[in-house]
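Chains as they are written, first to last, in the working numbering: chain A, 1 to 454; chain B, 1001 to 1309; chain C, 2001 to 2294.
FYI, nobody ran anything at the bench for these hints, they're computed from the structure.
Do not rely on the hints blindly, as some may be mistaken.
To be verified - Derived DSS-like pairs (lysine-lysine); straight-line CA-CA distance at most 27 Å:
1) C/Lys2017 with B/Lys1213
2) C/Lys2126 with B/Lys1109
3) A/Lys268 with A/Lys97
4) A/Lys298 with A/Lys201
5) A/Lys298 with A/Lys97
6) A/Lys258 with A/Lys429
Stated by the list, open to error - Quick look at which bits of chain B chain A covers, simulated, 3 or more residues with Cβ under 8 Å:
7) 1139-1145
8) 1166-1175
Yeah, the Cβ is synthetic: ideal placement off N, Cα and C, and Gly gets one too.
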Amino acid sequence: MMTIPKSPSGARILAAAAAVSIAALALTGCGGPGTSSTGSTGAAVTAGSGEGTINVWAVDGQAAENDALKKIISNFESSQSKIKVNLKLFPSDQYTKAVNSAAPGDLPDVLDFDGPTLASFVYNGKMAPLKGSVSDATLSNQTDSIKSQNTVDDAVYGVGMMNAGLALWGNKKLLDAAGVAYPTTPEKAWTADEFTGVLDKLATVVPGGKPLDLSEQYGFAGEWGTCCSAGPVIWSGGGTMLKDNKASGALDSDANVKSLTQFASWKKYTDPNADGLAFTSGRVALSWVGHWTYPTYKALGSDLVSIPLPNFGKGTKTASGTFAWGMGATTKNGAAAGKFLDFLMTDQSVSTYTDANGAPPATKTALAASTLYGPGKQLQLLGDQLSKACGTEDQISDTCVSVTRPVTAGYPVVTDQVGKAEAAIYAGKDAKAALSAAARAIDQNFADNDGYKK
Amino acid sequence: MPARRRSAAGLSGHRLAGPLFASPALLGLAIFLVAPFVLALVLSFYRVQLNSPRPARFVGFEQYTRLFTDPDLAAAFGQALLNNFTFALIVVPVQTVLALALAVLVNRKLRGMVIFRTFIFMPLVFPLALTAVIWRLIYSRGDQGLLNAILGLFSGGSYTGHDWLGDPSTALGSIIVMSIWQSVSFQMIIVLAALQSVPTELYEAASLDRANKWAQFLNVTVPGIRNTLIFVALITTIFSFRLFDQVYLLSRSGSVDRASTETVMTQIINTGFDNNNVGQAAAMTVIFMLIITVIAIIQRAAVRQRGGV
Amino acid sequence: MTISKSLKSGRRGGSMKRTRRWQTALHYLILTAVSLFFFLPVYYLIVGSFRPSAEVLSGISGFVPTNLSFDNYTGVFEHLSSEATGYFGQFAAVSIIVTTVVVAGSLVVNSMAAYSFARMQWRGKKVLFLLVIVLTIIPFEAVALPLYFMFSSQRDTVYIQAIPFIANAFSIFLFYTFFLDVPGEIEEAARLDGAGPFRTFFQVVVPITKPAFATVAILTFLAQWGSYLWPVLMVSDPTVRPLPLAISIFQNQQPPEWGQVLAFGTMFIVPVLAVFLIFQRWFVASISSSAVKG
């Protein structure tokens, strides 16, 4: 498990020290540090009887999403009598760690995962390929973008109910009061400079003088910052987070410094939204957030408009990819897990879920039947953005809109560092310094892990 | 004390009783304190991750050299250390003086004092996680925040809301105030007990010398409780280095800049747990332990001087 | 209170009566201001827990007790109503079980060790006691990460939240200082009655050193009830989540329901506050003895 130390005298001391701690471990009768058995190829799925209880882990999301998920599960349980579902919800900032630090025997049968963490989970041997457990009909009904998110090394590890999208939600009444005309298609997105002018105008019509909500309540120093806040800003400004698996020269580029500094300059227009009510109560005119607030925001009725995020030079950009479902690497009940996944992907389940969070459905049939997405429907903009997919960071063009977050087993450190840097810049620190430090930390981590190559 | 001698000798008749009595606690300490401590030392020489498919790799002193020479890591670790030292530098004198002032304040027989004392002691039973949640709302940015609202009220509206936790220049200060709120009564109780044990004759003698109250305080009270004050200052110093709960909780809420409040402990957990870089975090743990040891040695030295007072 | 008496007796003459009245008034003024500083956050917590979420974060009016209802409390229970999210009662049960096990365990285990060090003669005692004294300086934080590494396979269990905290070097030391003061005659008498070391300790020594046990119990309780770092590392599963971790997760829910968060906090603290109000004297005594003895 541990390689042999180089210096002979040090070796004795270390060996003695290790012996003490291992003796202590043995005394307690529990296993040593589990650095051993899980290998990325060692997945051991057993089909099992197709009956019994399956354990399901999911991220603790919006209240409405959680309720929808519970409803789907109870539908599943009443649709048949052999399989019971034991659901556990984990807070989002702990989820990756919960999965990555779970011992092989503790992994659930079915688990939720965020698109960009998939590579890391597969690398760490936490996920099993779905082929053989999930029906072919389910797999072929997945939309292309979600299928590519859920594929690692040509094997499909996940199926998704939904896709994701970001927008500036606008309050038409306030926009009109300030005499602001707003764009409705990605091509016409405000430039960042125009946006500052818009904010100046809007500041005069809102009660607190802070017309913008940037979803600070989610915390920039987490996944929200990377995916949905710093990400679109960086990509729209013509930058990337990584280039050829390296962050130095990419994350700390002048373009990123300029874009993020401009983003931070909007702090003075921004309502912290600590109560989550800034938009619905009319305190702000614009809210930078994802599809999942639609069920709440639609209370504005016809005053609710969706506007593309500001353009930092290379066209408006949004992040795509989101939570999907996969199977634990060591499930002993693959058949039952597969049946549950099939049920999750039925039109009825998908619409129950996406009605609750306003997300674009990720199955072909449910998307076709959607009452929100498609030409002339209320969330047409988000659908349009998704159809203009860029692929990954290195494939961005001026006209595409939806960018897939970096696909690498090192994503956890990328998101940690990018989020931390964004929070520092937003707090008023020097952008160049913050981004360079983040870039070096990412590169160091990649080097320590041999570039996450197998 | 001949009696004690004899009884002890009597009990030693049961040869195994002594070790038997001590063994459960000693075993617990060995497993849960000594072993992990040794393990930290061992791990700090490795590049190792928990549950990783790749084996641990021996890297000698690399984790330590990186901590002190790698420009970013050294800067981040230095910043965390600096935050701890700043915290200690402010909290130790402020909290010690405040504990003394509060103890003097409530150490007087006045009607209703029991109620005042209860109010002041109350935060003592508040877990830090709960304290941080309440103060997060108090510090909330914009004029919805309670603190901003109160300041706005007193300034007659001329004051505009400040981002207490988000602004790097006030973030640490805000955490300091909340920490003092939660823990000053602990120190105050200790000082209060010491105040009440200063012999009354000393005050009588002083007042016969026509010393005024302030002079009595300086010449009788303070020297009389000197050792307690040293003790309080030292436990507060150690507490300053253990700082974790409130910082960790708040740094994950809202748009807080982590670097401005990062402490050694939050960095250890961020490195070893969030980023799964166990070897690096173990090296930080070892340095953290060295600092605590130095403080403890100073404490021993100060206590040894007690006889001289 | 002996000092204040003597201070008063030191003052003479009625001419000072007036100044003294002013001083007393000033004293009350300062006391009130100080008490407000300490009490307002508590008041805000409790009043906010009965107000609509939208009105909790609304500037100064957050203090005004209007629109009171129990909605936030029912909201907490509705929000936490399945195994998936965990139940409030379950969080509380985990905290209560863990704290009880730690407090009870530490009273037994540490007092026995301390008694052995203080009153028994055995080989190796001196060295081991010195080691215990040295260990009092290692805070839990210093070993948290390696301990997590050692026991990561025991994550998400209740026992792993409690067991590491039972043996405690500082508690041993506190007991030790108390046991040194036990008169030897008492043990001698017990021995003459034919009592062995176990009976002597549990039936004779323990009953006369109750304050030591109260002190350790209260100090251990205060440290354990709010324990946060260890659960952060060791607990992901909502069914074994203790209260401090639970509130830190509950406060991050989206969309935020601050009224419910404060209701959660109130339920977390009010029982403890009640115990504290009843046993305030004991709390104060145990804290002050932690310094005098230590």
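Index of numbered hints that the structure contradicts, given in increasing order: 2, 3 and 5
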